[in-house]
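Asks: Let the sequences and hints guide you as you build the complete structure.
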Amino acid sequence: MNTSSPSSGAPKILVLGVGSILMMDEGLGIRAIEELERRYRFPENVELLDGGTSGIELLSYISGRDYLIIIDAIKSGNPPGTVLKIEGEDVPAQFRTRISPHQLGISDLLAAASLTDEIPKRLVMFGIEPKEIVMKLGLSEEVRQGMDHLLDVVVKELESLGCYVEAIDPDKMQAANSIWEDI
Amino acid sequence: MEVPLNAQFIRNIMMGAHATHDHIVHFYHLAALDWVDIVSALKADARAVANLGQKLSPWTGNSYDAVKASQDKLKTFVGSGQLGIYGSGYWGHPAMKLSPEVNMLAAHHYLQALDYQREINKVVAILGSKTPHIQNVAVGGVANPINPDSQSTLNMERLYYIKTLIDKVGDFVENVLLVDTAAVAAFYADWTGVGKGVTNYLSAPDMPMDTKGTKFALPGGYIPDGDVSKFQPIKSYNDPFFRDNVKESIKHSWYDGDWDRHPWEEDTVPKYTDFQDKGKYSWVKSPTFMGKPAQVGPLANVLCMFAAGHGPTKKYATKMLDTISALAGAKVGVSALHSTIGRIGARSIRCAVLYDTLKEQWNALIENIGKGDTTTFNPPTFPNGIQKGFGYHEAPRGILSHWIVIENGKIKNYQAVVPSTWNAGPRNSQDALGPYEAALIGNPVKDPEKPLEVLRTIHSFDPCLACAIHLHDKDQNEIVRVKAV
Numbered sequence: 001m002n003t004s005s006p007s008s009g010a011p012k013i014l015v016l017g018v019g020s021i022l023m024m025d026e027g028l029g030i031r032a033i034e035e036l037e038r039r040y041r042f043p044e045n046v047e048l049l050d051g052g053t054s055g056i057e058l059l060s061y062i063s064g065r066d067y068l069i070i071i072d073a074i075k076s077g078n079p080p081g082t083v084l085k086i087e088g089e090d091v092p093a094q095f096r097t098r099i100s101p102h103q104l105g106i107s108d109l110l111a112a113a114s115l116t117d118e119i120p121k122r123l124v125m126f127g128i129e130p131k132e133i134v135m136k137l138g139l140s141e142e143v144r145q146g147m148d149h150l151l152d153v154v155v156k157e158l159e160s161l162g163c164y165v166e167a168i169d170p171d172k173m174q175a176a177n178s179i180w181e182d183i
Numbered sequence: 001m002e003v004p005l006n007a008q009f010i011r012n013i014m015m016g017a018h019a020t021h022d023h024i025v026h027f028y029h030l031a032a033l034d035w036v037d038i039v040s041a042l043k044a045d046a047r048a049v050a051n052l053g054q055k056l057s058p059w060t061g062n063s064y065d066a067v068k069a070s071q072d073k074l075k076t077f078v079g080s081g082q083l084g085i086y087g088s089g090y091w092g093h094p095a096m097k098l099s100p101e102v103n104m105l106a107a108h109h110y111l112q113a114l115d116y117q118r119e120i121n122k123v124v125a126i127l128g129s130k131t132p133h134i135q136n137v138a139v140g141g142v143a144n145p146i147n148p149d150s151q152s153t154l155n156m157e158r159l160y161y162i163k164t165l166i167d168k169v170g171d172f173v174e175n176v177l178l179v180d181t182a183a184v185a186a187f188y189a190d191w192t193g194v195g196k197g198v199t200n201y202l203s204a205p206d207m208p209m210d211t212k213g214t215k216f217a218l219p220g221g222y223i224p225d226g227d228v229s230k231f232q233p234i235k236s237y238n239d240p241f242f243r244d245n246v247k248e249s250i251k252h253s254w255y256d257g258d259w260d261r262h263p264w265e266e267d268t269v270p271k272y273t274d275f276q277d278k279g280k281y282s283w284v285k286s287p288t289f290m291g292k293p294a295q296v297g298p299l300a301n302v303l304c305m306f307a308a309g310h311g312p313t314k315k316y317a318t319k320m321l322d323t324i325s326a327l328a329g330a331k332v333g334v335s336a337l338h339s340t341i342g343r344i345g346a347r348s349i350r351c352a353v354l355y356d357t358l359k360e361q362w363n364a365l366i367e368n369i370g371k372g373d374t375t376t377f378n379p380p381t382f383p384n385g386i387q388k389g390f391g392y393h394e395a396p397r398g399i400l401s402h403w404i405v406i407e408n409g410k411i412k413n414y415q416a417v418v419p420s421t422w423n424a425g426p427r428n429s430q431d432a433l434g435p436y437e438a439a440l441i442g443n444p445v446k447d448p449e450k451p452l453e454v455l456r457t458i459h460s461f462d463p464c465l466a467c468a469i470h471l472h473d474k475d476q477n478e479i480v481r482v483k484a485v
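Listed in order, the protein sequences are those of chains D and X. Okay, so the first sequence: first residue is 1 according to this note's numbering, each after it adds one. Okay, so the second sequence: first residue is 1 according to this note's numbering, each after it adds one.
Take the hints with a grain of salt, since some may be wrong.
Unchecked claim - Lysine-lysine pairs mimicking BS3-like chemistry, simulated, CA-CA at most 30 Å apart:
no.: 1; chain 1: X; residue 1: Lys97; chain 2: X; residue 2: Lys292
no.: 2; chain 1: D; residue 1: Lys172; chain 2: X; residue 2: Lys130
no.: 3; chain 1: X; residue 1: Lys130; chain 2: D; residue 2: Lys136
no.: 4; chain 1: D; residue 1: Lys136; chain 2: X; residue 2: Lys280
Hints were generated in silico from the structure; no laboratory data involved.
Replies: Below, the structure is given as structure tokens:
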């Protein structure tokens, strides 16, 4: 559940990756969270969470946050691999109009948070246009190519909120998750 | 192999808490708005709503101030002219029958339920290390070290916090959820005659109370033809009565072939043919028990527990039926449960039974730790050669079984026969209808453009999400501004 409140009134931020890693590019939000954790150190006021295919169960995690950054596959008609951003009121609308099992759950979650007055003050969503959503592990070549840029814009967003995000020396990083590197 | 007692009780508490969460969310947030008109609720007199709530239940959350606050909140959502999250509801539909006051009372509890579902989910998070993706369940036990004197393990402070959460949510289940579903059933009494469908019921015994999995706190078994006197129990994790009687058919499913096979002998080779009314028309296989389709879920579980003489089930089923009878002004018996509204009522009965079970499991855990036993894990040894195994669980949506064949240390076959497959399966090899299909025969539909009554029956089974998405309209015209960055 919620971690203890961070010091000095820094905004409380949750970076929430959602999706299913069993459906190729639909799991890019989860893979992005894993890569962010591998490549960077984050200050105390920023929490990263693999939300998987959950919905309303995540209400406790978004409660009390000033900012919610969601990372997910975004179908928008752009070329696969394009890194995309959606802001504010358009975020819940995105989850209402797109149909994939996990996205319905997030739609319910955001609706519930509105009803309990726990919707974070600012909502931002980042993602990549998917290429393949089929029952298989791994990410498509296009999405893998877009991943570095996606991580970069998420980090820049956190920096714009006054967070100091520290890049880990590549020699000291843990090995990348072979599940999506190898396939 | 054997699982330590502490591990059984910890698993049982997690299963009970998870199912309680699922049942609360299913009724209030996924099914209630098929019966409760949110727009009508805004017209209710808040004082009359509070009086009604206080008359129905000793629950302390039905004060005028609390009801008024909920109504004001709904007005800001609905009254602005933009229905927002309620945009897809069938408000004002002729099949909506509740008075504004009853609608508002249910809507008030819908909002409160958002808080209670969160509380019970904390129990899962504490024992599972986190949710989603619990970390503690292992072959051979659980990965929860127990030390009553340590800050960093499962200790008395954590255990008493779990007890507090169980009691808080149990109060809500017994005095709000059970009462609300009884009220919906009473005011929609005609729905006790709709949606019966398949009346062969199958459920698993669960909440093992010994290390070998031969004694269970909650009984399960099979009832053919809706006749509880013919109940046959499933007695252990190795019971051949269950093991030998499960098969699946793919005659009408988009898989290659046409067979009835035991899960160990099955394969799953997709073969899509487009929709064929008389041929293949579903991605779901058709499970059978003793050669027949069976309905699974809380109703099957409640009927089996009732037939087995389970005390808490009798207590809460009686409370539910008495409340319905009093509100409807006519005697309603167990036979009313074989229906769409019965499935909803049975889910609340089961949820209340789980409250008693959670208390029982918590006490058993504390008592066992009190004896000085802190073991939570027995290391497994994996046997060589060809191994066949199966496991089952009475999940929130019904009996779940997994079947595995291991050869030379590798998985050769793995089949999961899940609750929504039992209920949503198409016709089997004998062309007998599956439970959803059978339940829709004779289901009223006033307006084919707004098939609310169909949703009521299908939602009453608590379909899993991946199945539920077929009910959503993909052509909603909502414009989302997406920009490349």
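Asks: If a hint holds in the structure, say so; if it doesn't, say that too.
Replies: Evaluated hints:
no. : hint                : result
1   : X:Lys97 x X:Lys292  : violated, 36 Å
2   : D:Lys172 x X:Lys130 : holds, 27 Å
3   : X:Lys130 x D:Lys136 : holds, 26 Å
4   : D:Lys136 x X:Lys280 : holds, 24 Å
Checked against the numbered hints given earlier, the structure breaks only hint 1 and satisfies all the rest.
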